[in-house]
Amino acid sequence: MDAVVRALVIYAVLLLVFRIAGQRSIAKITTFDFVLLLVIGEATQNALLGEDYSMTNAFLVIVTIVGADVALSLAKRKWKRVDVLLDGTPVIIVDDGKPLRDRMAIERVDESDIMTAAREAHGLMRMDEIRYAVLERNGAISIVPRQRTS
Amino acid sequence: MSKGPRSGKLDVDEDTTFMRRMWKAQRAGWAVFGLVVAAGLAGLLGSGPASEAAAQNATIAIDYARFARRLSPAELRVRALAPPGADGLRVAVANSFLDAVEVSAVKPSPVRVERGAEASVYVFAGAPGTIVVSLRYPQAGRVEGRVSVAGSSPLAFATFVYP
Numbered sequence: 001m002d003a004v005v006r007a008l009v010i011y012a013v014l015l016l017v018f019r020i021a022g023q024r025s026i027a028k029i030t031t032f033d034f035v036l037l038l039v040i041g042e043a044t045q046n047a048l049l050g051e052d053y054s055m056t057n058a059f060l061v062i063v064t065i066v067g068a069d070v071a072l073s074l075a076k077r078k079w080k081r082v083d084v085l086l087d088g089t090p091v092i093i094v095d096d097g098k099p100l101r102d103r104m105a106i107e108r109v110d111e112s113d114i115m116t117a118a119r120e121a122h123g124l125m126r127m128d129e130i131r132y133a134v135l136e137r138n139g140a141i142s143i144v145p146r147q148r149t150s
Numbered sequence: 001m002s003k004g005p006r007s008g009k010l011d012v013d014e015d016t017t018f019m020r021r022m023w024k025a026q027r028a029g030w031a032v033f034g035l036v037v038a039a040g041l042a043g044l045l046g047s048g049p050a051s052e053a054a055a056q057n058a059t060i061a062i063d064y065a066r067f068a069r070r071l072s073p074a075e076l077r078v079r080a081l082a083p084p085g086a087d088g089l090r091v092a093v094a095n096s097f098l099d100a101v102e103v104s105a106v107k108p109s110p111v112r113v114e115r116g117a118e119a120s121v122y123v124f125a126g127a128p129g130t131i132v133v134s135l136r137y138p139q140a141g142r143v144e145g146r147v148s149v150a151g152s153s154p155l156a157f158a159t160f161v162y163p
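If you read the protein sequences in the order shown, they are chains G and U.
Start counting the first sequence at 1; every next residue gets the next number (my numbering).
Start counting the second sequence at 1; every next residue gets the next number (my numbering).
If you're looking for bench data, these hints aren't it; they were derived computationally from the structure.
Some clues are possibly wrong.
[Said to hold, decoys possible] Derived lysine-lysine pairs resembling DSSO-like cross-links, with alpha carbons at most 27 Å apart:
| id | chain 1 | residue 1 | chain 2 | residue 2 |
| --- | --- | --- | --- | --- |
| 1 | G | Lys78 | U | Lys24 |
| 2 | U | Lys24 | G | Lys80 |
| 3 | G | Lys76 | U | Lys24 |
[Claimed, not checked] Sample of chain U residues with no beta-carbon within 12 Å of chain G, all distances over it, derived:
| id | residue |
| --- | --- |
| 4 | Asp63 |
| 5 | Glu118 |
| 6 | Ala125 |
[To be verified] If you anchor each label on the Cβ, the simulated ranges turn out as follows:
| id | chain 1 | residue 1 | chain 2 | residue 2 | range |
| --- | --- | --- | --- | --- | --- |
| 7 | U | Ala156 | G | Asp33 | 52 to 58 Å |
| 8 | U | Lys24 | G | Phe32 | 41 to 47 Å |
| 9 | G | Val13 | U | Ala117 | 49 to 55 Å |
| 10 | U | Thr16 | G | Phe32 | 39 to 45 Å |
| 11 | U | Lys24 | G | Met55 | 24 to 30 Å |
| 12 | G | Ile92 | U | Met19 | 31 to 37 Å |
| 13 | U | Val12 | G | Ala121 | 21 to 27 Å |
| 14 | G | Asn46 | U | Val132 | 20 to 26 Å |
Note that the structure is predicted; figures quoted are calculated from it, not measured.
Glycine is no exception: its CB is placed at the ideal position from the N, C-alpha and C atoms.
The shape of chain G in the complex, shown without the other chains (with noise of 0.2 Å):
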């Protein structure tokens, strides 16, 4: 029994501190997020695991996590609510080639992000260039590009 209760708090304790911390994409994982991972991942395993080293509580533990995951996902198809509060929503961060800062601002990306986006996916030289950026749900920048006239 406590294997479980003790899987599901530290699931929604990681879930809501991620939450807190705020939108970050796994495609842009710096060495500094990678150690942190490790290190999240040293501390919970003693709060994880106590001081049951049985392979069925290994197997419980990862059961429930999983379970937890699957169940969380099917929430979110089911009541857009649970989906928005646990995903947010995208954010328009460029209208019609300008920058809207304050949003930017409170999201944590400079120009440079978004123009790093913009050659890598477009080709684009200048801001001028990007019809709408959207900063997306898993912290990408997508970019949709101003009709070209040549």
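Given the coordinates of chain G, assemble chain U onto it according to the supplied hints.
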């Protein structure tokens, strides 16, 4: 093989028959997840309400676990229902049980332990109340135990230890 839309033009190795079977298997797997978690909550895989058990006869009462896990801390609680003898309370525990577990602590501490051929006798001063034995099971499988107030009829119990 059933074909999805546009698969004639798109160069993709789609196998909907296989994937449909896979999806069914996944749904079934989720149900199994639910059952495992429910069993874990109930205590069928270790600690929990379904695992807590008590037994008693005229002279002795115990609380033990029906299900335990290998190498994780467990407890056995023993209470004597008969008054202690002249040299204190003598509780006999089957050697087969003591050999199958690792006892880390007995509270209150016994004055001495007398090991006999079949059972070991823990001698406690006065009336010790509830005796708590902290232990671990080093091996998976069924472990059977017998405890008694020395000279009286023994009380048998069994624990299943998960790996």
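For each hint, the structure was consulted:
1. Lys78/G / Lys24/U: Holds - the C-alpha atoms of lysine 24/U and lysine 78/G are around 19 Å apart, at most 27 Å.
2. Lys24/U / Lys80/G: 25 Å, holds
3. Lys76/G / Lys24/U: 21 Å, holds
4. Asp63: Label holds. Min Cβ-Cβ 16 Å, cutoff 12 Å.
5. Glu118: Given that every Cβ of chain G is farther than 12 Å from that of glutamate 118/U, nearest at about 30 Å, it holds.
6. Ala125: Given a closest Cβ separation of 31 Å, the condition holds.
7. Ala156/U / Asp33/G: 52 to 58 Å: For alanine 156/U and aspartate 33/G the Cβ distance comes to about 57 Å; the hint holds.
8. Lys24/U / Phe32/G: 41 to 47 Å: 43 Å, holds
9. Val13/G / Ala117/U: 49 to 55 Å: 54 Å, holds
10. Thr16/U / Phe32/G: 39 to 45 Å: Between threonine 16/U and phenylalanine 32/G, where Cβ atoms are some 44 Å apart, the hint holds.
11. Lys24/U / Met55/G: 24 to 30 Å: 28 Å, holds
12. Ile92/G / Met19/U: 31 to 37 Å: 36 Å, holds
13. Val12/U / Ala121/G: 21 to 27 Å: 23 Å, holds
14. Asn46/G / Val132/U: 20 to 26 Å: 24 Å, holds
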